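*Asks:* Given next are the chains, with one letter for each unit.
Protein chains: 2
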Amino acid sequence: MTAHLAGGDLNRLRQLNADSVIRVLRDEPPQTLTELSRRVGLSRASTEDVVQELLEVGWVAEVEPAAGGVGRPARRYRFRADAGHLLGVDIGGHKVLAVVTDLDGTVLHSRQVPVTPELGRSERLAATDRVIGRALRAAGLTGDRLWGAGVATTGLVDGTGRVMLSEALTEWTGVDLAGHLRDRVGGAVRVENDCKVAALAETWRGVARHASDMVFILAGWRTGAGLIIGGKLHRGFGNAAGEIGALPAAGWQRAPGHLRARPDQGDVFAAARAGDKTAMAALRRYVKDLAQGVSALVLTLDPELVVIGGGFSRSADVFLEPLRAELDRWCLRTPEIRVSTLADEGVALGAAKLALDMSSPQLRTRR
Amino acid sequence: MTAHLAGGDLNRLRQLNADSVIRVLRDEPPQTLTELSRRVGLSRASTEDVVQELLEVGWVAEVEPAAGGVGRPARRYRFRADAGHLLGVDIGGHKVLAVVTDLDGTVLHSRQVPVTPELGRSERLAATDRVIGRALRAAGLTGDRLWGAGVATTGLVDGTGRVMLSEALTEWTGVDLAGHLRDRVGGAVRVENDCKVAALAETWRGVARHASDMVFILAGWRTGAGLIIGGKLHRGFGNAAGEIGALPAAGWQRAPGHLRARPDQGDVFAAARAGDKTAMAALRRYVKDLAQGVSALVLTLDPELVVIGGGFSRSADVFLEPLRAELDRWCLRTPEIRVSTLADEGVALGAAKLALDMSSPQLRTRR
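Here the protein sequences line up with chains C and G, keeping their order.
So the first sequence is numbered by the UniProt record's numbering: it starts at 1 and just counts up by one.
So the second sequence is numbered by the UniProt record's numbering: it starts at 1 and just counts up by one.
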């Protein structure tokens, strides 16, 4: 077969090739054309074309060659994380957090305000506007200078950016988040469920960077899950994947309650760590219930990795081993379990990644 | 960017294009080059190259133009399902079934022998050899004339075609099925878990042809699941996906037992259909337990479709509505539920599809 390529074929191939090159440059040290060509499996000439195009749109820069050395050194290219900015917003029950990141997910600015689950709709939206304004001012940006904006919130979110169902937040079901925020950030806004984007953040900047099948568990006063399957966020047909917690038999509705039942309401994790018998018993009951739902996810998907995130992940040292032991009881193959290192910023970072993914197919026109 | 294409690029592109053309020709009536080109998004010249190549290897044939009509009619092309044969084998507890199909999954010959779950390893292997021999003789083929052979069996199967764990069959854990069968069919044999390939069969020849995310439930004296995610069989990191039934809370270990508990041991489905109160109560308990595991899968994956297959699917008329009602209780969104129409041949057909998928990447060299 000879290489007849019509416009459509060429665009498709070009986009595939550009994506491959960007992926290598993002994850690796600066590369020469020869190295890049080998890594992405393209001819050297095709690689050069792609790199030239990426230089033009500003996604890639040439690295200054090191002084000294013999002969003319080959040019090296790096991904330009500073070519643009992303906004990621986490609208939760207890805080609203906005981060401005570079294209690589490094958080440049972070602002948050405390809220309560009982706050009304307009008050929560006002808090969101406020915190976005502060983050953008800190970055010296206006909304229209962003490459993209992503928002994550508790509850089920539909494809248009509307909250279909929120059980945790008052007056939140039905809110048109994408519509409300479009004006404030001067462009398209992508909205998604918080557990889903937290999973995305782990594959981007967290402990799941090399996992193609991963189960993310949000462990906190709410329990939730986000799934990465085949390297991609699994949303589900109605964007309702990962909602195993809705099944009472999964134990998640009951699990955090065991930790609340202590008379002094202090930090149950610290108490368990210090050897407090009541706290340790409460934690055992929590782990037993948590493990039912996690086992259901593991047995269903047989993932490479389980990542524990959410508020309780900071205290994972006191429940990780019991959790592993409980999973061993039920699972045919207990996968590797890792604790998130993204702390409170995981959801907002995942929202920024949503924004990046939205901007990526527009390689040719964006600047 | 101009079209520099090295050998590697070209092969990759050619394979992608050939796959696209085959997919359209398999699922649609005969097409002209112009129609094909529009459907697969390739230039007409690229499409012609691909079709020429597929004509050469015998996957595609030109259709005789209809007599009459004005002017010279455009040539039309069809997929040649008769260009080769596939062997699919289902090694179960109660039967061993072998089918010979064309490349389109039409069963040309089918042979089976009854076995028991208690049969020893060498006896079950001997029964398998016998039934494969009969099916091949019926088709007038020797093993080396097959395009591929696939085998499905109960239990977990590893990537080399060895049974890692079988709880249902005596002496079956550890059997090297691929090794045993390689000599008998004169080529590579792919081995997979029966629920997984039954799911594959539904997307190939069954009621899930257009679903990209689907949960297949094998409902019988054993209960199992196979998952299609993003249009592909989801195997899992250790090939152990879909094993939710191992979790007691999923109800599947207990579910079929309710149907066995009747004193007369007759057909509980027929009795329930006839209004027998005891049978109806047993069926209600079965559905309640079955629905726990199905709900866990649905809440986890939010699939487009659930397909009920397996031995009980023939009697689905008496439990489909109760099952739907039970799913409505637990699921946030109950997906469409369909009953398999592949009857007892689903698993063997899926095994043939495994064989087809194995042969597809070898487009250039196979004949």
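Be careful, since some hints might not be right.
As the list claims (entries may be wrong) - List of simulated lysine-lysine pairs, DSS-like, C-alpha gap at most 25 Å:
no., chain 1, residue 1, chain 2, residue 2
1, G, K288, G, K277
2, C, K277, C, K288
3, C, K232, G, K232
4, C, K288, G, K232
Unchecked claim - Some chain C residues well away from chain G (every beta-carbon gap over 10 Å; in silico):
no., residue
5, R76
6, R111
7, L247
8, L320
9, D357
Treat the hints as calculated values from the structure; they're not laboratory data.
Since the model is a prediction, treat every value here as computed from it, not as a measurement.
For glycine and all other residues, C-beta sits at the position ideal for the given N, C-alpha and C.
*Asks:* Decide, hint by hint, whether the structure agrees.
*Replies:* Hints versus structure:
| no. | hint | in the structure |
| --- | --- | --- |
| 1 | G:K288 - G:K277 | holds, 17 Å |
| 2 | C:K277 - C:K288 | holds, 17 Å |
| 3 | C:K232 - G:K232 | holds, 13 Å |
| 4 | C:K288 - G:K232 | violated, 33 Å |
| 5 | R76 | holds, 21 Å |
| 6 | R111 | holds, 33 Å |
| 7 | L247 | violated, 5 Å |
| 8 | L320 | holds, 20 Å |
| 9 | D357 | holds, 16 Å |
Violation of the numbered hints given earlier is confined to hints 4, 7; the remaining hints are satisfied by the structure.
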